[in-house]
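Asker: Sequence:
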Amino acid sequence: MSKQTWQISALWMALLCGWPITLLAQTTTQPAAPLAAKEEMVRDRLRRLEDQMFRLADKLRTTDPQQAEKLEAALRQMSQLGLRERVDQLVLMLSSDSDLSGALTRQDQLLKDLREVLTELVAQPDESADRENQIKQLQEWLAQTSALIRDQEQVQQQTQNMADTGDTPLDTATAQKLEKLIAAQQELQSRTQASAEAAAGADAELTAAQQQLANETEQLAKLLEKEQREDETQSALQAAQKAMQQAAQDIQNGQRALAGDTQEDALQELRRALAKLTKKKNESADLQALSAAQKQLADSAQQLAQQMQAAEQSAQTQATGDQVQQAGGQMQQAGEQLQQQQPDTAQSAQQQALEQLRQAQQRLQEQLDQLRREQQRAKLEQLQKLYTRLRDEETAIRQKTIELQQRWPTDPRRTDLQQAEQLGRDQLALADVAGQAVQLLMEDGTTLVLHHLAAGVQNDMQQVAKWLQNALLESTTQLTQQEIIDSINDILEAIDSALQPENSPAKPGDQQGNQQNQSGEPPPPPLLPSSAELKLLYNLQERIFDRTREVRHQPAINSATADWLTNKQQTVLELAKEMHNRMTEQGFKNMDQPD
2 MSKQTWQISA
12 LWMALLCGWP
22 ITLLAQTTTQ
32 PAAPLAAKEE
42 MVRDRLRRLE
52 DQMFRLADKL
62 RTTDPQQAEK
72 LEAALRQMSQ
82 LGLRERVDQL
92 VLMLSSDSDL
102 SGALTRQDQL
112 LKDLREVLTE
122 LVAQPDESAD
132 RENQIKQLQE
142 WLAQTSALIR
152 DQEQVQQQTQ
162 NMADTGDTPL
172 DTATAQKLEK
182 LIAAQQELQS
192 RTQASAEAAA
202 GADAELTAAQ
212 QQLANETEQL
222 AKLLEKEQRE
232 DETQSALQAA
242 QKAMQQAAQD
252 IQNGQRALAG
262 DTQEDALQEL
272 RRALAKLTKK
282 KNESADLQAL
292 SAAQKQLADS
302 AQQLAQQMQA
312 AEQSAQTQAT
322 GDQVQQAGGQ
332 MQQAGEQLQQ
342 QQPDTAQSAQ
352 QQALEQLRQA
362 QQRLQEQLDQ
372 LRREQQRAKL
382 EQLQKLYTRL
392 RDEETAIRQK
402 TIELQQRWPT
412 DPRRTDLQQA
422 EQLGRDQLAL
432 ADVAGQAVQL
442 LMEDGTTLVL
452 HHLAAGVQND
462 MQQVAKWLQN
472 ALLESTTQLT
482 QQEIIDSIND
492 ILEAIDSALQ
502 PENSPAKPGD
512 QQGNQQNQSG
522 EPPPPPLLPS
532 SAELKLLYNL
542 QERIFDRTRE
552 VRHQPAINSA
562 TADWLTNKQQ
572 TVLELAKEMH
582 NRMTEQGFKN
592 MDQPD
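In my numbering, the protein residues as written are 2 to 596.
No wet-lab data here; the hints were simulated from the structure. Where hints are given, some of them may not hold.
To be verified - List of simulated lysine to aspartate or glutamate pairs, EDC-like, C-alpha gap at most 20 Å:
hint, residue 1, residue 2
1, LYS380, GLU219
2, LYS536, ASP564
3, LYS569, GLU586
4, LYS569, ASP487
5, LYS536, GLU475
6, LYS536, ASP497
7, LYS296, ASP487
8, LYS178, ASP262
9, LYS39, GLU73
10, LYS296, GLU233
11, LYS113, GLU543
12, LYS467, GLU422
13, LYS137, GLU154
14, LYS137, ASP433
15, LYS467, GLU494
16, LYS401, GLU494
17, LYS386, ASP445
18, LYS536, ASP487
19, LYS243, GLU219
20, LYS386, ASP152
21, LYS467, ASP417
22, LYS178, GLU219
23, LYS60, GLU70
24, LYS243, GLU265
25, LYS296, ASP417
26, LYS380, ASP131
27, LYS223, GLU154
28, LYS181, GLU217
29, LYS223, GLU233
30, LYS178, ASP266
31, LYS181, GLU51
32, LYS380, GLU494
33, LYS113, GLU41
34, LYS569, ASP497
What the hints assert, rightly or not - Cβ pair distances, simulated, as ranges:
hint, residue 1, residue 2, range
35, THR389, GLN319, 38 to 48 Å
36, ASP393, GLU475, 32 to 42 Å
37, GLN220, ARG359, 19 to 29 Å
38, ALA577, ARG62, 56 to 66 Å
39, ARG583, ARG62, 19 to 29 Å
40, ARG359, ARG62, 46 to 56 Å
Where is the CB? At the ideal position from N, CA and C, for every residue including glycine.
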């Protein structure tokens, strides 16, 4: 906060500190005129304060627009509350000495509104929205990184399967040669069978043709051997070549019928070799498809890296983006190697890409855990602030209730009833503040006993407000007020304990066993550990026992008190059952383990 803004805050404090003098004076027998004069002084201070705030906001609009906006917001709030007009009305009321009690009530409310404006003026910027956006962004990046790892592992497994076969895809020319050999062998087999009764001179021509096919088949087999392709294709060609040579020998010996059977064996081996080649062609097509899939993953990784590097976040996020970018480069290299029919080489680049992605995943998870811990701590601090205010103001209301009840006349006057009604309104306003805590806990959704206890505090405040407005100041009202204060003290004790460094909010899943939510991510860390929730439940049960013991010796138990005790005991029973179910689902794992 700037120096000028602190000066404005100091003026506010001077204004608020000076006002109780007027309030005190109203409780005396002083004439109204001096009270009106003091109220006029307050009005003058307020006007000077508004003028200084306006001029300061105009001055800061270029040098510190954020502070200028805060001052302008405070001025708008003061205008909406009609503070200046309300002070003018108080001056008139005190000048006429018509209704000092009413003036006192109006001053009380005016002071509360002034304190609210001051609270907003000096409040620190709320970082919860920015933190929540960062958490959502990290969750999205973490999900994308995890998906990349999953898909890359699948591509790597497919690459390994292809590399393990030891097959190197052959070119189309080899398959074409085989097809020609098969066609030539089929034609020669037909000629051999058709010329079975021909003159013996035809044997020499058929023998030479068969031997030529055997030589071509042998040459193709040796080519495969030279390229170190010792597989079924090569063995099939070698078997076909042997069968062809045997067929040539049979033809030469005039055993054409036997040669026809041997030629059929050669054909079967040639077809087996071609079938193997066709399978290898398909594998080559699979490698091309795998290369395309690998390159697509590389593009996704590069896009993710660009998002991280472009985001205005921490240096750790930038470093994580660099790692994802490096992984994308390795994935692109692996895609090129797969395209070049090199699955063995591609596996090394794929493994390096996976290592980079897993490191990036770990970095993202660490950042997410840290932000979640900060978010939980901010929630705890907000709750601590709310409940400290609730405890202090509830203590003041209870003290006023006791004082009013002690001096309550047999025949209450209008002013007595007005004071009781005012206490009821104060209590109801405080219940609205308690509702803010309940809403915060509802949105968080990680606590059980704390949430129920907070809701109970709000409900009790609302009930006390009704009793006070109906001028019911007796033991039940004061007993419930004390219960509210005790519950708030228990809540504050649990929050204070959770805020200690050794009990800092846990990482996701530390207190939740091995459970995961439907999205596959661990559940958010709880605001309070299970032991703190159990202690809250124990304290609540102990207070119910104390209250029961107190009323046990009374001649007659008030029905309202009996109902109050019954409802509280039923709440404890239901909470105990829910706690038991929750702990059973978690398997009692990792409860209250520090980071």
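Asker: Mind listing which of the numbered hints don't hold for this structure, in increasing order?
Answerer: 1, 2, 3, 5, 7, 8, 9, 10, 11, 13, 14, 15, 16, 20, 25, 27, 31, 34, 36, 37, 39
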